[in-house]
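Protein chains: 2
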Amino acid sequence: MNETSVLHAVDAVFDREIAFLSELVKHPSVRGEEQSAQDFMARELAAGGYEVDRWEIDVNDIAGMPGFSPVIGNYDNAVNVVGTLRSRTRRGRSLILNGHIDVVPVGPLDMWKRPPFEAYIDDGWMYGRGAGDMKAGLASNLFAIEALKHLGLKPAADVFFQSVVEEECTGNGALACLQRGYRADAALIPEPFAEKIVSSQVGVLWFQIRLKGLPTHVAYAGSGANAIEAAIPLFAALHDLEKQMNAPQCRHYDFACHDHALNLNIGKIEGGDWASSVPAWCVFDVRMGLFPGQSIDELKQRIEQAIAEAAKSHAFLAQNPPEIVYNGFAAEGYSLDEDKRPVAREALDALGRAHKFVSGQELEKEAITATTDARFFGLYADTPALVYGPKAEAIHGFNERVDLESVRRITQSTALFIADWCGVEEL
Amino acid sequence: MNETSVLHAVDAVFDREIAFLSELVKHPSVRGEEQSAQDFMARELAAGGYEVDRWEIDVNDIAGMPGFSPVIGNYDNAVNVVGTLRSRTRRGRSLILNGHIDVVPVGPLDMWKRPPFEAYIDDGWMYGRGAGDMKAGLASNLFAIEALKHLGLKPAADVFFQSVVEEECTGNGALACLQRGYRADAALIPEPFAEKIVSSQVGVLWFQIRLKGLPTHVAYAGSGANAIEAAIPLFAALHDLEKQMNAPQCRHYDFACHDHALNLNIGKIEGGDWASSVPAWCVFDVRMGLFPGQSIDELKQRIEQAIAEAAKSHAFLAQNPPEIVYNGFAAEGYSLDEDKRPVAREALDALGRAHKFVSGQELEKEAITATTDARFFGLYADTPALVYGPKAEAIHGFNERVDLESVRRITQSTALFIADWCGVEEL
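Chains as they are written, first to last, in our numbering: chain A, 248 to 674; chain B, 248 to 674.
Treat the hints with care, as some may be off.
Identical chains share a label here; the pair holds if one copy fits it or two copies do between them.
Claimed, not checked - Quick list of in silico lysine-lysine cross-link-like pairs, BS3-like style, CA-CA up to 30 Å:
#	residue 1	residue 2
1	Lys-396	Lys-490
2	Lys-459	Lys-360
3	Lys-360	Lys-559
4	Lys-459	Lys-612
5	Lys-587	Lys-603
6	Lys-459	Lys-273
7	Lys-587	Lys-443
8	Lys-612	Lys-587
9	Lys-559	Lys-490
No wet-lab data here; the hints were simulated from the structure.
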């Protein structure tokens, strides 16, 4: 096997890869609705000669594990799929190829140029919710292996292809894979960070603030009794905390040049029932980042303090103390860059070589301001997790899209990386 | 007939009145769900010897009429009920007894001591959504007539008992009664204003402000791109307008002593889809008051100006101009006090005498900061509309309740007023 033949093999299977990706995007796998996408995935893996493990996550199995996030709603139909490709020779190092099947909500449909699950291609981009984040990555994982097969080869070590749910709100899908016993010498997660390697990622905490008060007919509306408007000073208090946490002296070293790595987002709000009733309730959902090494519990304390402080000096809130509920992400930060063990350096070097062969460039590092499932492998299973995927735009936005030539390059680098890391054996 | 016998007659039917009110409160007649309550009403009227007219409102019939408010949702099942009690002699003045069957939403159930449609009695109060606003009024209208019947009498002029929908969001139910041809020499509406007569009422305009923008993954959240937080400067701009409109020099004479008659209420909000996506949309519903004599169109212009002005100097809003949608109330103010015609003075005097006989007190006037259906009779049908009803608490709030002894007194005054205004004839 030479490297160039691997690139050509990816070219040879690339039409099939695009067709696969297109089909995958057409499954609208928002939270709770991932089953049809997972069925498709399981079928494709079985057809490709993988042993398929498909199971429903049981919260009780994972609730006590480090990295667990409190669960929103129920887990009926929260289904993971793992395909195992066993090596006969086991000469090389084993590998987890991980990707998440869940996609974020589409938002108002009229803000999309075309329906979000159409998976149409325009000018070299495939459009659709999840096209970039991260169904292209799942496709790339699968077709890197297909390319090797096209050459009559397969990895000379066990490879575990994981298609997990819940990446976008808790990470409990990847955690359930750990609980089920899946382990390998390294993990690759092709999240769409534009062909860079993620050196560090922030943590993420989700919380909900609930305000309740005593409503009246609007005819008797006094100032300060409005639960919707009472949220405003809380927004301000939270943004103050955000500012403090982003101060230069508070940053993780890998984020030293990021002026604003930790974003606080008021992502969702709902309140009141009737234009002419003073609203008695308001609920809003917040996402806050934290640096690798920072403690979730400490962040919770700071949030609770900031909210309590703001409530004290506000007529409505002092009478009606806000309730803070944690549901969804309780995710620590993770820095691959801090993993100085040989296995981590070797994995990075192997990926760097593959990347350079495909692109002609050194592999650039990036400290990202989002979280990924990499933390589970890195923090809780001593497994270096390489986050390296294609270029995408408008992820979580409207007209989300992924650059197909970038997908091709990532598939090529991935195939080369697998051949290097795992070695190859005859099919 | 002497006055005291009328009071006793109300006492004699009062147990039945409470039973009727209790049954009526148990029908959860929120908008779109008024049918069972109206069915009950129609049955009771038919049983009481009224000719019953029950019809579905057709928006096309009323859309061109003055006082029409734009409609939220559809009008399937928007049903009015009018019972006509014809006089043989027609010696007196005819009368409309009006009340609305619709109630506002209940809000979060856990904020109610007991379920909102249980209609339980505690310490002389009947509790329940709509108990005060205004099913007690409907009961009082009906049992004032029942009390006369108890004496072997009925009104000596045609009486139209109206049970209308849509009072709480448009007033189109009362408007549809006008369109259907119902007219009388006066109207009585027992809205729960604590046994006072409403001398003037404000107008009400409802509008919705819709914000849309371009969302991104929260990892790339810049400040100012959040559609939820972009609502805050608009709240401020609207409250500025509210302040201007309440300035002493801007007040209607009957509200001269009201420091804050025109309440602007941010009553409902919704925005965003996901804690970790920068929200691309936010919608909020506003209620604003206006004085009698002020024009709806002029108020709309001022609102549009205030919103446009605020948007100009805000990064997000300048790029994503807010949309203003008018749905629901476009209600002018109404002042009975300004109606100097003899018919209005006579109606007021008759009610004043009845009130004084029952309570021993002069009838107090009140300029109210809410609207009622009185405006349709007063402004668009030259009919003096007397708004005079029982004492209630927490209307539009939790644990809404009505004072049953107050309901008794209002029923007594109403019976006396009918006997005076319409005269009586043998059953």
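Hints, verified against the model:
1. When the C-alpha separation of Lys-396 and Lys-490 is checked against a cutoff of 30 Å, the pair qualifies neither within a copy, at 51 Å, nor between copies, at 74 Å.
2. Taking identical chains as interchangeable, the C-alpha atoms of Lys-459 and Lys-360 lie at most 30 Å apart only when they sit on different chains, with a minimum of 15 Å there against 39 Å within one chain.
3. In this assembly of identical chains, Lys-360 and Lys-559 lie within 30 Å of each other by CA distance solely across copies; the values are 27 Å between and 46 Å within a copy.
4. In the homo-oligomer, the alpha carbons of Lys-459 and Lys-612 never lie at most 30 Å apart, since the shortest distance is 46 Å inside one protomer and 35 Å across protomers.
5. Taking CA atoms no more than 30 Å apart as the test, Lys-587 paired with Lys-603 passes inside one copy only; the shortest distance there is 22 Å, against 92 Å between copies.
6. Only between protomers do Lys-459 and Lys-273 lie at most 30 Å apart by alpha-carbon distance; the minimum there is 26 Å, versus 41 Å within a single protomer.
7. For a Cα distance limit of 30 Å, the shortest separation of Lys-587 from Lys-443 inside one copy, 19 Å, qualifies, whereas the shortest one across copies, 81 Å, does not.
8. For the identical chains of this complex, Lys-612 and Lys-587 are intra-copy neighbours only, at 15 Å inside a copy versus 83 Å across copies, given an alpha-carbon limit of 30 Å.
9. Within a single copy, Lys-559 and Lys-490 get their C-alpha atoms as close as 21 Å, and across copies as close as 26 Å, so both meet the 30 Å cut-off.
When held up to the earlier numbered hints, the structure conflicts with 1, 4 and fits the remainder.
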